[in-house]
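> First to last, the sequence lines map onto chains A and B.
By the numbering used here, the letter at position 49 of the first sequence is numbered 49, and the numbering carries on one by one without gaps.
By the numbering used here, the letter at position 98 of the second sequence is numbered 98, and the numbering carries on one by one without gaps.
If you're looking for bench data, these hints aren't it; they were derived computationally from the structure.
None of the values given here were measured: they were computed from a predicted structure.
Please note that the accuracy of each hint is not assured.
No distinction is drawn between identical chains; accordingly, a pair holds when it is met within one copy or between any pair of copies.
With a straight-line Cα cutoff of 25 Å, these simulated BS3-like cross-link-like pairs (lysine-lysine) come out [said to hold, decoys possible]: (1) Lys72 - Lys20; (2) Lys43 - Lys72; (3) Lys43 - Lys20; (4) Lys11 - Lys33.
Below, each chain spelled out in residue letters.
Number of protein chains: 2
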Amino acid sequence: MSQFDNVSVLKQGNVYFDGKCVSHTVVFADGSKKTVGVILPSKLNFNTGAPEIMEVIAGVCNVTLSGETSTKTYSAGQSFDVPGNSSFDIETTETLHYVCHFA
Amino acid sequence: MSQFDNVSVLKQGNVYFDGKCVSHTVVFADGSKKTVGVILPSKLNFNTGAPEIMEVIAGVCNVTLSGETSTKTYSAGQSFDVPGNSSFDIETTETLHYVCHFA
Chain A
1 MSQFDNVSVL KQGNVYFDGK CVSHTVVFAD GSKKTVGVIL PSKLNFNTGA
51 PEIMEVIAGV CNVTLSGETS TKTYSAGQSF DVPGNSSFDI ETTETLHYVC
101 HFA
Chain B
1 MSQFDNVSVL KQGNVYFDGK CVSHTVVFAD GSKKTVGVIL PSKLNFNTGA
51 PEIMEVIAGV CNVTLSGETS TKTYSAGQSF DVPGNSSFDI ETTETLHYVC
101 HFA
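Let the hints inform the model, and build the full structure from the sequences given.
In structure tokens:
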């Protein structure tokens, strides 16, 4: 499924790391939220509040979760879980398109 | 109104000018489309296919339409029309959030 249906979308986006990450918030009928976003080629460290599931829509990323030593690579169709109140390093060498699901 | 309701949103974004402009496509019940996007501080030249109405959600931009000599400044709540098969120069000194309406 390449799109979310029957949703609301906020007109104002979210900009992080000087624009290396840009997302827009999608609100579902049950009030839950996801973000659809883009990460430009970069190496960034994201902090989480709520637990997240990061789903790769297009592109490739190398991810190291906080407290782990191994780096895993994720590409289109794959997802990774991030615990709440944690962080992860993400490296992209091409534009990454993602959906962030809040658990 | 800070959001669009009862719409579909494409999971994969649109990236232009090496990421200086990132948008996501919103599809309405009648099949019409708009994009919600962000332009990072830059000076860019956009080409239009269909006529567009650019609505500023947040931030400020200086716009010069093709064939015009005057530059006009638009901020949150303001819009400008761009003819089809035309172009415009847009300068942003802070992050611009916009909605692009296709006429």
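> Now tell me if each hint is right for this structure.
Hints, verified against the model:
When the C-alpha separation of Lys72 and Lys20 is checked against a cutoff of 25 Å, the pair qualifies only within one copy, where the shortest distance is 21 Å, while the shortest distance between copies is 28 Å. Proximity of Lys43 and Lys72 under a CA criterion of 25 Å is satisfied intra-copy only: 14 Å inside one chain copy versus 37 Å between copies. In the homo-oligomer, the alpha carbons of Lys43 and Lys20 lie at most 25 Å apart both inside one protomer (9 Å) and across protomers (17 Å), since each shortest distance falls under that limit. With identical chains, the CA atoms of Lys11 and Lys33 are at most 25 Å apart both within one copy (14 Å) and between copies (14 Å).
Consistency note: the structure conflicts with none of the earlier hints.
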